[in-house]
Amino acid sequence: MAGQWQNRQWQDWQWRRSLLRSLKLMVLTIAAFWLMSLSACALPQIKATDRLFLPLSLDFLGEYDLPQDSQFEDTPVGGLSGITYDPQRDVFYAISDDRSEKAPARFYTLKINLDPASHLSKVDVQGVTFLQQADGEPYERRTIDTEGISLTPQGTVWISSEGVARDEISPFVNEFDVKTGKLLRKLFFPDYYTPKTIEDPQSKQTTHQGIQDNLGFEALTLSAGAARMGPTEPYRLFTATESALTQDAEPPTAETRAKARLLHYYVETGRIDLIAEYLYELEPAPSTAIRHGLCELLSLDPAGRFLSLERSLGLGGFQVKLFQMSFAGAKDTSLLPTVQHLPKVVKPVQKQALLDLNELGIDLDNLEGMTLGPRLPDGSPSLLLVSDNNFSDNQKTQFLLFRVKGLKPQ
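Just so we're aligned, residue -1 is where the sequence shown starts under the numbering used here, counting upward by one.
These are calculated hints, taken from the structure and not from any lab test.
Where hints are given, some of them may not hold.
[Said to hold, decoys possible] Here are the in silico distance ranges between beta carbons for each label pair:
| id | residue 1 | residue 2 | range |
| --- | --- | --- | --- |
| 1 | R255 | K120 | 22 to 30 Å |
| 2 | Q131 | N392 | 32 to 40 Å |
| 3 | K342 | E166 | 33 to 41 Å |
| 4 | V343 | P250 | 34 to 42 Å |
| 5 | S390 | R140 | 15 to 23 Å |
| 6 | Q203 | P229 | 47 to 55 Å |
| 7 | V344 | I288 | 23 to 31 Å |
[Unchecked claim] 27 Å max Cα-Cα, derived DSS-like pairs, lysine-lysine:
| id | residue 1 | residue 2 |
| --- | --- | --- |
| 8 | K177 | K120 |
| 9 | K109 | K403 |
| 10 | K180 | K100 |
| 11 | K319 | K329 |
| 12 | K120 | K100 |
| 13 | K109 | K194 |
| 14 | K319 | K406 |
| 15 | K329 | K345 |
| 16 | K184 | K100 |
| 17 | K349 | K403 |
| 18 | K403 | K319 |
For each residue, glycine too, the CB sits at the ideal point set by N, CA and C.
Starting from the given sequences, assemble the full structure and let the hints guide the process.
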């Protein structure tokens, strides 16, 4: 009996062992089949940069030039350096960079008309708003150099000024009432942006810091779709210098990439917080460039994607390029008074070329302002650029219109 019981136990063990082997083989077969199915259906390999940037393209729809010597309410309409769209009123606000010399510092209300084919047909000036200081007075001559403008959910506008470095007048980014031009509040920024001369008490040697002359806060944009948000919703504000700060500037060479600084703020009712600062490396300046800088930023989506506009002026005229830009991987530099000789781990924002406007086959002027406008009849977003004519008889106030493909509504 004992022998039979042991033999039966051996047979049961062999049966269980065979069953386990069969189950293992079945599981492995199913897993292999599943993996092969995944492999057959797998998406094509995507580069990291392709995931980082949007599949954007731009269709050029045409240009419109304001008549020379345009006037509105006894002010010369020119120097338009920044532009923003008001979807509630279907108008644009364009800031003039007149330093309160030809008329007090101001921005204009524009109505931009399209024909049935979505081409620019006319730009009408409908209003002018003069900026007021805290005491209600206009800005004095040569104390201001306004460059950027962006509309808030509250229907106010933020406006950036480059300051006047040679006179040690600080730049600013201030909020104004869109109807009256009254100053509402001011943005704070690190002290190392302030133009000033510093003397070492021991050596008596002097050094300079802060914005360079005519290269202060130029670019200005708010969170994508901020103008359509509710009046109590918080939003982000981004502003950047046109080029490097004095203490960041390096001797120009064919390979030098000037490092502009880009500030990121969180804005809500009664409170503004500086979130971070990043470096923006410009493309190397053309060999004949007289001026070269970052003129504008435009927020595209909540993921931190932007358009950036770089403009150069040289012997051959203006060169203008658009890039996609992302904060991904960029390091915060807000605690660094100077960014010369940085370790490689301090990464700037990333860029990808989008459009060289010199390939459009038109004469470009001093393009500086950029904004998304109303949707076109086919549902695509429109992109509008405007030029600063420097109040020169040899230049023009030029508007360029594009269709944006690959951008989701915000």
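Violated hints, by number in ascending order, as checked against the structure: Violated: hints 1, 4, 13.
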